Amino acid sequence: MSYKYLVIVESPAKAKTIEKYLGRNYKVVASVGHIRDLPKSKMGIDFDNNFDPQYINIRGKGPVIKELKKYAKKAEKVYLAADPDREGEAIAWHLAHILDLDLNDNNRVVFNEITKPAVKEAFKEPRKINVDLVDAQQARRILDRLVGYSISPLLWKKVKKGLSAGRVQSVALKMIIDREDEIKAFKPEEYWSIANNFIKSRKKFRANFAKLDGKKFELSTAEDVKVVTDRLTGSDYTVQKITKKERNRKPAQPFTTSSLQQEAARRLNFRTRKTMMVAQQLYEGIKLGKGEGTVGLITYMRTDSTRLSDTALTEIGQFVENTYGSEYLATTKAAGKKAKGSQDAHEAIRPSSVMRTPASIEQYLDKDQMKLYSLIWSRVVASQMAPAVLDTMRVELDQNGVLFVANGSKIKFPGFMKVYVESKDDGKEEKENILPELAEGEVVKSVDLEPKQHFTQPPARYSEATLIKTLEENGVGRPSTYAPTLETIQKRYYVKLNARRFEPTELGEIVNSLICEFFPQIVNMSFTAEMEKDLDNIAIAKENWVDVVSRFYEPFKKELDLAETNMEKIQIKDEPAGFDCELCGSPMVIKLGRYGKFYACSNFPECRNTKAIVKKIGVKCPECQKGDVIEKKTKKNRIFYGCDRYPECEFTSWDKPVGRNCPKCNKYLIEKKARGSVQIQCSDCDYKEDIQK
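Numbering (my numbering), first residue to last: 1 to 693.
Don't read these hints as lab results, they were simulated from the structure. Do not rely on the hints blindly, as some may be mistaken.
As the list claims (entries may be wrong) - With a Cα cut of at most 25 Å, we get these calculated DSS-like pairs of lysine-lysine:
#, residue 1, residue 2
1, K211, K241
2, K226, K160
3, K673, K633
4, K616, K626
5, K573, K160
6, K16, K116
7, K620, K664
8, K20, K241
Claimed, not checked - Here are the in silico distance ranges between beta carbons for each label pair:
#, residue 1, residue 2, range
9, E442, T332, 33 to 43 Å
10, Q54, P555, 21 to 31 Å
11, V546, Q571, 38 to 48 Å
12, E517, F413, 55 to 65 Å
13, K672, A210, 36 to 46 Å
14, D368, Q679, 52 to 62 Å
15, T332, G441, 40 to 50 Å
16, T456, G33, 43 to 53 Å
17, P587, D52, 50 to 60 Å
18, D368, R645, 53 to 63 Å
This one's a predicted model, so the numbers in the text were calculated from it and none came from an experiment. Even for Gly, the Cβ is constructed at its ideal location relative to N, Cα and C.
With the hints as constraints, model all of the structure from the sequences given.
Rendered as structure tokens:
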């Protein structure tokens, strides 16, 4: 097949989609990610020559490079169409070097969505490679290399092999450990509440104690409660004051990378990596019916911006008006904003066309693609809808100077809530609470008084969503760094996930204490955030990348030299297992390995007997009925459940079996954990039992 123009993208899926749009004069091929990088076996940075990076062709990429050169030789012009961010710009720059392309040539093509109009339009206006963006990516790569390849070998020498440190990774680990320290140091304090249940026209409503004799009165002990309850005589209370207001609730803005990762974790139980993987599939293109072919369903998914293009705003506005009516359309368009240092002029994450409703393309998407697309589609439609209007009512009820307050609300106009409501980290959702019609001066009857003792709770451990949110709020890292950061700290066994919350391991605490002691700048949140600003300034030509790296390296080198001399070797002691090796009779010990703790013979290396530490959950295998269900872990430290008779029985489940069968279909029941609650549900059908706190 003859062609005039060669187009190079990163992914084969993207290549297939774009080639269909461009026609027979274009050949579209994939570099399959980066083709050059710093060497894995050494630092690869020339310290005597302004930190010059010593790039090499990535191992295994020889055939790809050979093929690209062959295609480029036959083409009249080569276009570089890698993703529209710093990473994509760097890939284009490396390709230009490999293929001997002129850096002053207009051969860089960028598009925010993979649709026929967007791609065709982008090829009308190719530009030069933006060297400032390349420098920003290069500076980040060099800084990460300096930290990783300097501290990691030190940890191998002083602690154990296979450990690593990183700029963002070390901050995330410290945050998890600081939170754990807060939890350990937390001392619960007693406090009380008094709820009062009233009835009016056969409708019950609840009010809570607020004031005594017109002043706030703390209920710290049972004695304080007695002071209040001793003042109450009889069941009659007077409605002292009613306050009615109308409250507007605005919709959430469209998704950025970070907010998508958080909401997908809360609502869909997606891990961060999974969210990005499925989003990539939606962006690169899904094959729809014969009429449309392969289409990119969403805009580029690495962005800090909540801005929407004028075209998108117009299309969403028309859709809302035609589907829900003009009263549901926002009177002013939510313009959105571009965050500081956001990637170029990106839009928020949105569907490439809002007219492709989730229902209309459901048959072409798999289950996960459908869930994520529906989330993105709903969020962006809701963002351009009118605020919800809520009628709120506050009722103050008094008896003998004891004041109780009841708050109620009802939706007067649903507005954006008709389509989507953002979920919250604590899992609590705003619900209607309709109070009966009451009048000031009216007497209502109390049917039940409920004093209740409580204790203050420690701060919650970080989930993936709350950790990403905190990192973003503090300016640490960028959207593209969160998924690999969270994966690395689990892979290194610095933290483990327990009920979807991060818990540090002993190894994580050792590594963190050493980095905090010898490399305080690395784990200083404001220092790391400032470094991100410097990288953003390189991207807009306000800073020189060599100056930024130099400012970091000079003090870092002093810390490194000091650590080399003063860091003591740490011996992670084996724990006695309490039983002997069945092969040689020597005592077995508990060792700490790359994937956590395991049993090993103390007579190593003469005896190499090892065993996994098995945790039985007290449930018989629902498949074979002979073995016991045990808790296991994947290499990424994720818990799952399986039969101890494996491989004879291959039963596995991500969710914990409870040892009972479903009364509806007789399949085994499982525990589903979410937001501090446990729900028992069927592994096969829709049967559910009440949530247990």
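Evaluated hints:
1. Annotation: proposed proximity of K211 to K241 holds, straight-line Cα distance about 14 Å (limit 25 Å).
2. At roughly 59 Å between alpha-carbon atoms, K226 and K160 are farther apart than 25 Å, so this suggested pair is violated.
3. Distance restraint check for K673 and K633: the Cα-Cα separation of roughly 17 Å lies within the 25 Å cut-off, and the hinted pair is therefore satisfied.
4. Restraint check for K616 and K626: satisfied, since their Cα atoms lie roughly 14 Å apart, inside the 25 Å limit.
5. About 12 Å separates the Cα atoms of K573 and K160, which keeps this hinted pair within 25 Å; it holds.
6. Restraint check for K16 and K116: the C-alpha separation of about 13 Å stays at or below 25 Å, so the hint holds.
7. Between K620 and K664, the direct Cα distance comes to roughly 20 Å. Compliance with the 25 Å bound is thereby established for this hinted pair.
8. Pair hint K20 plus K241 does not hold up; C-alpha atoms about 69 Å apart against a cutoff of 25 Å.
9. A hinted range of 33 to 43 Å for the beta carbons of E442 and T332 is consistent with their spacing of about 41 Å.
10. For the pair Q54 and P555, the beta carbons lie near 24 Å from each other, so the given range of 21 to 31 Å is met.
11. For V546 and Q571, the hinted distance range of 38 to 48 Å is satisfied, since their beta carbons lie about 41 Å from each other.
12. In this structure the supplied range 55 to 65 Å holds for E517 paired with F413, their Cβ-Cβ distance being about 58 Å.
13. Checked against the hint of 36 to 46 Å, the pair K672 and A210 passes, with Cβ atoms roughly 37 Å apart.
14. Take D368 and Q679: their Cβ atoms lie about 21 Å apart, and the range 52 to 62 Å is violated.
15. In this structure the hint that T332 and G441 lie 40 to 50 Å apart at CB holds, the actual value being about 42 Å.
16. For the hinted restraint 43 to 53 Å between T456 and G33, the CB-CB distance of approximately 49 Å keeps it satisfied.
17. The beta-carbon spacing between P587 and D52, approximately 54 Å, falls within the hinted interval of 50 to 60 Å.
18. Checked against the hint of 53 to 63 Å, the pair D368 and R645 fails, with Cβ atoms roughly 31 Å apart.
The earlier numbered hints that this structure contradicts are 2, 8, 14, 18.
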